[in-house]
Amino acid sequence: MKWQDIENSSPSEFKRLVGVGKDLFKEMTDEALRLAPQSTHKVTGAKRGPKPKLSMENQVLMLLMYYREYRTYLHIAKTFGVSEAQCWRIITGLEKTLLKSGLFHLKGKKRLLSEDSFEVVLIDVAESPIERPKKSKENIIQGKRKGIP
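Letter 128 of the sequence shown, counting from 1, is numbered 128 in our numbering, and no numbers are missing.
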């Protein structure tokens, strides 16, 4: 599943496929574009290495696939047609870039514990015997069985 495949899908279907809404996906993409280092291919005379193969939308989609579906780098790399190492570089670089923005941080453990008040529910579970049918002598074979190992 690439960006071109899901770009025109409905908002509810997009959220089911990607895990975030279109507005948050757009916000992540815009923030990554704003903070990511510019490609040297736009500067004449500084072209080194191949041009970037994936758009920023596809890179963010790779990151969300990794987090949401727990797919391996190899599976994601094969989906997007890049090497496993390049997939790792893209995902870890994008993680660092989005964390730098400060918009996508989760609250810390102490802050989460201090804000929420927990309701305590106690359940009294007492042991009770399991109801089973009574054994009778009619169900038990009294004699020895011959010929049965």
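No lab work stands behind these hints: they were computed from the structure. Think of the CB as a built atom: it goes at the ideal place given N, C-alpha and C, for glycine as much as any other residue. Each hint should be verified, as a subset may be incorrect.
What the hints assert, rightly or not - Each pair of labels, with its calculated beta carbon distance range:
{"no.": "1", "residue 1": "K107", "residue 2": "R16", "range": "43 to 53 angstroms"}
{"no.": "2", "residue 1": "P133", "residue 2": "Y67", "range": "28 to 38 angstroms"}
{"no.": "3", "residue 1": "K78", "residue 2": "R16", "range": "49 to 59 angstroms"}
{"no.": "4", "residue 1": "Q4", "residue 2": "G108", "range": "19 to 29 angstroms"}
{"no.": "5", "residue 1": "S83", "residue 2": "L113", "range": "37 to 47 angstroms"}
{"no.": "6", "residue 1": "P133", "residue 2": "S12", "range": "18 to 28 angstroms"}
{"no.": "7", "residue 1": "R16", "residue 2": "L122", "range": "35 to 45 angstroms"}
{"no.": "8", "residue 1": "K107", "residue 2": "E127", "range": "24 to 34 angstroms"}
{"no.": "9", "residue 1": "K2", "residue 2": "E127", "range": "54 to 64 angstroms"}
{"no.": "10", "residue 1": "R111", "residue 2": "R34", "range": "49 to 59 angstroms"}
{"no.": "11", "residue 1": "Q4", "residue 2": "F104", "range": "22 to 32 angstroms"}
{"no.": "12", "residue 1": "E7", "residue 2": "H75", "range": "44 to 54 angstroms"}
{"no.": "13", "residue 1": "V125", "residue 2": "K26", "range": "17 to 27 angstroms"}
{"no.": "14", "residue 1": "G21", "residue 2": "W88", "range": "43 to 53 angstroms"}
Do the hints match the structure? See the list:
no., hint, result
1, K107 - R16: 43 to 53 angstroms, "violated, 26 angstroms"
2, P133 - Y67: 28 to 38 angstroms, "violated, 52 angstroms"
3, K78 - R16: 49 to 59 angstroms, "violated, 23 angstroms"
4, Q4 - G108: 19 to 29 angstroms, "violated, 38 angstroms"
5, S83 - L113: 37 to 47 angstroms, "holds, 42 angstroms"
6, P133 - S12: 18 to 28 angstroms, "violated, 52 angstroms"
7, R16 - L122: 35 to 45 angstroms, "holds, 38 angstroms"
8, K107 - E127: 24 to 34 angstroms, "violated, 41 angstroms"
9, K2 - E127: 54 to 64 angstroms, "holds, 57 angstroms"
10, R111 - R34: 49 to 59 angstroms, "violated, 27 angstroms"
11, Q4 - F104: 22 to 32 angstroms, "holds, 24 angstroms"
12, E7 - H75: 44 to 54 angstroms, "violated, 22 angstroms"
13, V125 - K26: 17 to 27 angstroms, "violated, 49 angstroms"
14, G21 - W88: 43 to 53 angstroms, "violated, 27 angstroms"
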